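Protein sequences appear in the order of chains A and B.
If you use the working numbering, the first sequence corresponds to residues 900 to 1448, in order.
If you use the working numbering, the second sequence corresponds to residues 900 to 1448, in order.
One should not assume that every hint holds.
In silico DSBU-like cross-links for lysine-lysine, where the CA-CA straight-line distance does not exceed 30 Å [to be verified]: (1) A:Lys-1127 to B:Lys-936; (2) B:Lys-987 to A:Lys-1250; (3) B:Lys-987 to A:Lys-1313; (4) A:Lys-1313 to B:Lys-1232; (5) A:Lys-952 to A:Lys-1407; (6) B:Lys-952 to A:Lys-956; (7) B:Lys-987 to A:Lys-1142; (8) A:Lys-936 to B:Lys-1193; (9) B:Lys-1127 to A:Lys-1286; (10) B:Lys-1306 to A:Lys-1127; (11) A:Lys-1286 to B:Lys-1313; (12) A:Lys-986 to B:Lys-1250; (13) A:Lys-1212 to B:Lys-936; (14) B:Lys-936 to A:Lys-1193; (15) A:Lys-1306 to B:Lys-1313; (16) B:Lys-1142 to A:Lys-986; (17) B:Lys-1361 to B:Lys-1423; (18) B:Lys-1193 to A:Lys-1306; (19) A:Lys-1193 to B:Lys-1193; (20) A:Lys-956 to B:Lys-956.
Hint data in this document are derived by calculation from the structure and do not stem from the laboratory.
In this text the structure is predicted, and so the values were computed from the model without any measurement.
Residues per chain are reported as follows:
There are 2 protein chains.
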Amino acid sequence: MSDFRTTDDDLSPTNAKLVTPLLTDMYQISMTYAHWKGGRVNDHAVFDLFFRKCPFKGEFALFCGLEEVLRFCHSFRFSESDIVYLKKLMPAADPEFFVWLSQLTCSEVKLYSHREGSIVFPREPLIRVEGPLGITQLLETTLLTLVNFPSLIATNAARMRIAAGPKAECLEFGLRRAQGPDGGISASRYAIMGGFHGTSNVAAGSLFGMDVKGTHAHAYVMSYTGLKDLRTRRLQPAGGGEKVDFVALVLSKRSQLYGGHCTSSDSEMAAFISFAQAFPDGVLALVDTYDTLKSGVPNFISVGLALHDLGYKPRGIRLDSGDLAYLSREARKLFHEADAATGKPVFRDCKIVASNDLDEDTLLGLAVEGHEIDVFGIGTNLVTCLKQPALGCVFKLVEINAQARIKLSEGVEKVVIPGRKAIYRLVGTEGHALFDIIQGVDEPAPVQGERILCRHPFAESKRAIVTPSRVECLLNLVFDGSLGHDHDIVVPLPPLQEIRSYVEAQIKSMRSDHVRSTSATQYKVAVSNNLYTFMHQLWLENAPISEIS
Amino acid sequence: MSDFRTTDDDLSPTNAKLVTPLLTDMYQISMTYAHWKGGRVNDHAVFDLFFRKCPFKGEFALFCGLEEVLRFCHSFRFSESDIVYLKKLMPAADPEFFVWLSQLTCSEVKLYSHREGSIVFPREPLIRVEGPLGITQLLETTLLTLVNFPSLIATNAARMRIAAGPKAECLEFGLRRAQGPDGGISASRYAIMGGFHGTSNVAAGSLFGMDVKGTHAHAYVMSYTGLKDLRTRRLQPAGGGEKVDFVALVLSKRSQLYGGHCTSSDSEMAAFISFAQAFPDGVLALVDTYDTLKSGVPNFISVGLALHDLGYKPRGIRLDSGDLAYLSREARKLFHEADAATGKPVFRDCKIVASNDLDEDTLLGLAVEGHEIDVFGIGTNLVTCLKQPALGCVFKLVEINAQARIKLSEGVEKVVIPGRKAIYRLVGTEGHALFDIIQGVDEPAPVQGERILCRHPFAESKRAIVTPSRVECLLNLVFDGSLGHDHDIVVPLPPLQEIRSYVEAQIKSMRSDHVRSTSATQYKVAVSNNLYTFMHQLWLENAPISEIS
Chain A
900 MSDFRTTDDD LSPTNAKLVT PLLTDMYQIS MTYAHWKGGR VNDHAVFDLF FRKCPFKGEF
960 ALFCGLEEVL RFCHSFRFSE SDIVYLKKLM PAADPEFFVW LSQLTCSEVK LYSHREGSIV
1020 FPREPLIRVE GPLGITQLLE TTLLTLVNFP SLIATNAARM RIAAGPKAEC LEFGLRRAQG
1080 PDGGISASRY AIMGGFHGTS NVAAGSLFGM DVKGTHAHAY VMSYTGLKDL RTRRLQPAGG
1140 GEKVDFVALV LSKRSQLYGG HCTSSDSEMA AFISFAQAFP DGVLALVDTY DTLKSGVPNF
1200 ISVGLALHDL GYKPRGIRLD SGDLAYLSRE ARKLFHEADA ATGKPVFRDC KIVASNDLDE
1260 DTLLGLAVEG HEIDVFGIGT NLVTCLKQPA LGCVFKLVEI NAQARIKLSE GVEKVVIPGR
1320 KAIYRLVGTE GHALFDIIQG VDEPAPVQGE RILCRHPFAE SKRAIVTPSR VECLLNLVFD
1380 GSLGHDHDIV VPLPPLQEIR SYVEAQIKSM RSDHVRSTSA TQYKVAVSNN LYTFMHQLWL
1440 ENAPISEIS
Chain B
900 MSDFRTTDDD LSPTNAKLVT PLLTDMYQIS MTYAHWKGGR VNDHAVFDLF FRKCPFKGEF
960 ALFCGLEEVL RFCHSFRFSE SDIVYLKKLM PAADPEFFVW LSQLTCSEVK LYSHREGSIV
1020 FPREPLIRVE GPLGITQLLE TTLLTLVNFP SLIATNAARM RIAAGPKAEC LEFGLRRAQG
1080 PDGGISASRY AIMGGFHGTS NVAAGSLFGM DVKGTHAHAY VMSYTGLKDL RTRRLQPAGG
1140 GEKVDFVALV LSKRSQLYGG HCTSSDSEMA AFISFAQAFP DGVLALVDTY DTLKSGVPNF
1200 ISVGLALHDL GYKPRGIRLD SGDLAYLSRE ARKLFHEADA ATGKPVFRDC KIVASNDLDE
1260 DTLLGLAVEG HEIDVFGIGT NLVTCLKQPA LGCVFKLVEI NAQARIKLSE GVEKVVIPGR
1320 KAIYRLVGTE GHALFDIIQG VDEPAPVQGE RILCRHPFAE SKRAIVTPSR VECLLNLVFD
1380 GSLGHDHDIV VPLPPLQEIR SYVEAQIKSM RSDHVRSTSA TQYKVAVSNN LYTFMHQLWL
1440 ENAPISEIS
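Go ahead and model the full structure; you've got the sequences and the hints to work with.
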């Protein structure tokens, strides 16, 4: 309802220039024309949007992208120039069709869906779309585009967070390798949703209000050829007062700690000093341009001690190559040695950031080996979802004019569960989800404390009786066009951080073996006994019987 | 120059809402601030944008994304709201910095690059960026984002085109699995650039003027439960005149051809008939909803014969599951049989389209097995570049204040070739490229007909003397901010089809073993003798000598 937001909120899609009704496959338009010609655009259709297999060889996914789906449906209308273009593509079509098309909106569409950020499982509808065939068919491709990638990224991010362990922070660093500008911005947004703590992507930060992080790159270090490149030697202490010769102070620290046998690079040192002059309270130094342990870390420690003398706090280092587990342990040792030598805890809280081509498996490997990394910066493998770059949601007709439809396929795993369906999550005494059960919308909801028969959708003999301590209805009305343009979105559009917290709670609501990184246990999605019977009957009615002679 | 385009052309980025100076990593802003504080923003820097390894285990890549790079540089300016946001991110920064930043443009930047669509190789600069350190460093992330994905997609598309064989058409069908809306639109655009013939993506078609294709989906077939769903039985002949009972005509064809033992689905038949009523000259039927050979193809043939009687032409079928090689051969056989039975070449020109999870390897496999497919529709594996979802271009400082810079890394393969460099393609008598040679910009260009020593950049003993029949200068000025905002883009921005033709010519300009699908021969990128000597000297000067005792 409109009380969830101020009336002047812009409810167009975030990427409004590209996310229009034209962002679809041509065959959707062709089919709509054929439906229009056939007099069927007002037939009542129900479509389910769902996936068949969890990504990344795991046993869960996160449902994301709902806000953009709602904004799209709210704004759905072909512009005049869209219509002009479509007429060009379909020169033989009846001109009356375009009159109809230009007036088409989602005013008769209803969407039922999970909450954005929900943990979801194969075969259960993520969104149920109801409305006239003419408009609902047209939503397919755009809805898939708006759900597939966000859900994939958020799931990938959540898996990486789990693999990184509860203490480490995860930052998204992938913009440069992302699949286009909006691929990058979506990746940042949905990585945060999935549990990441921040991003390097400034545009994403400005759009969605997330933490933006970043210090400097190798190019910064390399842009200095030596201490002579420093245009000023001075830095003002934190408390104010006379500027001091910061370069001399840093060099004296280096010679005190590392003496004559120091082989650290002076060009690198110049870069760190100049960075400290710009960000005296924000030095997180990239230490691997020349030699991490012989040059980068000693240079950082020297700068850090000088900063400390002036009342500032050094922040830490970033490792971007080599054996991250080993280098992080050795760097931590150098921090401890420096603190022991000076008797002051200057580096006690310093962070070690690691960022070289990390993925879920590397994170798991690091955990096994032991490391001292506080923050992981993850780029390419997060934003491109290297391990599985597409989620594979589909959008299937399950009912037309109140008649359930079933698509027969060779494989049982591709059968679509027919009809308008509700889903309930049955929660156990420990607060963990036990089962999701899908049933017809007209069946009474499961009741807490009462026994309910859960059936495997295809394997006749697999049954369980569950007594839930709590029952959650998972598919709820989120969009109702009939309420009018100003009231069609009937759920709040929560800020990113709120969805992120919900995701965290959702993951905690699962038994840990369902969400663990390797060999996770499958979470069960069952059907009610009624739905089982109905579906198998429909299947038998529709499947041809071969005649063999 | 402005004479390449009318003055009212909009030269902002295609995705102008997202492609702004904020589309970058935070550390670029931090570094720029540190450079500004250090009084170095006007130091003159040269950066190279290049990749180190060809994608998809191949031996070539296509350079794409240049037009968007030029639009971005042309439009580069932080907006007032950008500045407000950055101030929030850097509360401790000197306010004068933001005054400077708000006036920053690319007016002192020069870009030299390959032509968009050029065939390119590892380690050679794709774009050389020259200008003040303060602005050039800020371009890194955005330029990488704008080049990495387009080049990857175009290369993937070109490889798939090669694998599909010279006769087949390739269509891009990936929007629903693309990485976000603009991921999808970019994928369509650059797939066409790489050699695809059309796309299903309507928005991409409207933006870039490419062929848009598509007929209908399984949902269309399933939306019919039987012939009773047809609201009209009639169709007007192509030549005009009285409408005829089209349903009866189709059914009579089916019974003539397939007689009493026909097991084809009536709901499928209803769908095909209604589609033919809407598009009598555009029936390309999806034939695998129920049973491809027992139902889909016979139904299509029956409809096709009826259409033929009325003066229309059936277009063909689409296969979307099963053994595509086998099904396409069998379907073609059914076409031939129908034509033989009726004595008319109704199905002689019908196309067989195939579209189920195709990738480069499947295409190669189909070619080996033998098939009758005319058109491949390729989605997920094209747009997500499953085989390698990121190209990995980097942006490296190679010179500062006229001093060449080198980054030392553990591995020789990661060494950056230092200094401002030109590249020449040396073409042989057959018209095929022989070698690319990189040299310092001040060295005289190779001359056709004259011998030139080409050296491997790292392996001392690997040398060749090449006498080119033709010499092409590959890096040319494309952007010169000093010419003023209205004249800064100094090359034409050719339409998509022109770049596509250029790509085709570029691929043909290579010996076929360099571009073949498997075990391609490496194309050689050499350095001049001068550059070799200079670079190795710089390397020795900068590499530390370990002291061992």
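Each hint, compared with the structure:
{"no.": "1", "hint": "A:Lys-1127 to B:Lys-936", "in the structure": "holds, 16 Å"}
{"no.": "2", "hint": "B:Lys-987 to A:Lys-1250", "in the structure": "holds, 23 Å"}
{"no.": "3", "hint": "B:Lys-987 to A:Lys-1313", "in the structure": "violated, 51 Å"}
{"no.": "4", "hint": "A:Lys-1313 to B:Lys-1232", "in the structure": "holds, 29 Å"}
{"no.": "5", "hint": "A:Lys-952 to A:Lys-1407", "in the structure": "holds, 21 Å"}
{"no.": "6", "hint": "B:Lys-952 to A:Lys-956", "in the structure": "holds, 28 Å"}
{"no.": "7", "hint": "B:Lys-987 to A:Lys-1142", "in the structure": "holds, 27 Å"}
{"no.": "8", "hint": "A:Lys-936 to B:Lys-1193", "in the structure": "holds, 28 Å"}
{"no.": "9", "hint": "B:Lys-1127 to A:Lys-1286", "in the structure": "violated, 47 Å"}
{"no.": "10", "hint": "B:Lys-1306 to A:Lys-1127", "in the structure": "holds, 19 Å"}
{"no.": "11", "hint": "A:Lys-1286 to B:Lys-1313", "in the structure": "holds, 25 Å"}
{"no.": "12", "hint": "A:Lys-986 to B:Lys-1250", "in the structure": "holds, 25 Å"}
{"no.": "13", "hint": "A:Lys-1212 to B:Lys-936", "in the structure": "holds, 19 Å"}
{"no.": "14", "hint": "B:Lys-936 to A:Lys-1193", "in the structure": "holds, 28 Å"}
{"no.": "15", "hint": "A:Lys-1306 to B:Lys-1313", "in the structure": "violated, 53 Å"}
{"no.": "16", "hint": "B:Lys-1142 to A:Lys-986", "in the structure": "holds, 25 Å"}
{"no.": "17", "hint": "B:Lys-1361 to B:Lys-1423", "in the structure": "holds, 11 Å"}
{"no.": "18", "hint": "B:Lys-1193 to A:Lys-1306", "in the structure": "holds, 17 Å"}
{"no.": "19", "hint": "A:Lys-1193 to B:Lys-1193", "in the structure": "violated, 73 Å"}
{"no.": "20", "hint": "A:Lys-956 to B:Lys-956", "in the structure": "holds, 25 Å"}
The earlier numbered hints that this structure contradicts are 3, 9, 15 and 19.
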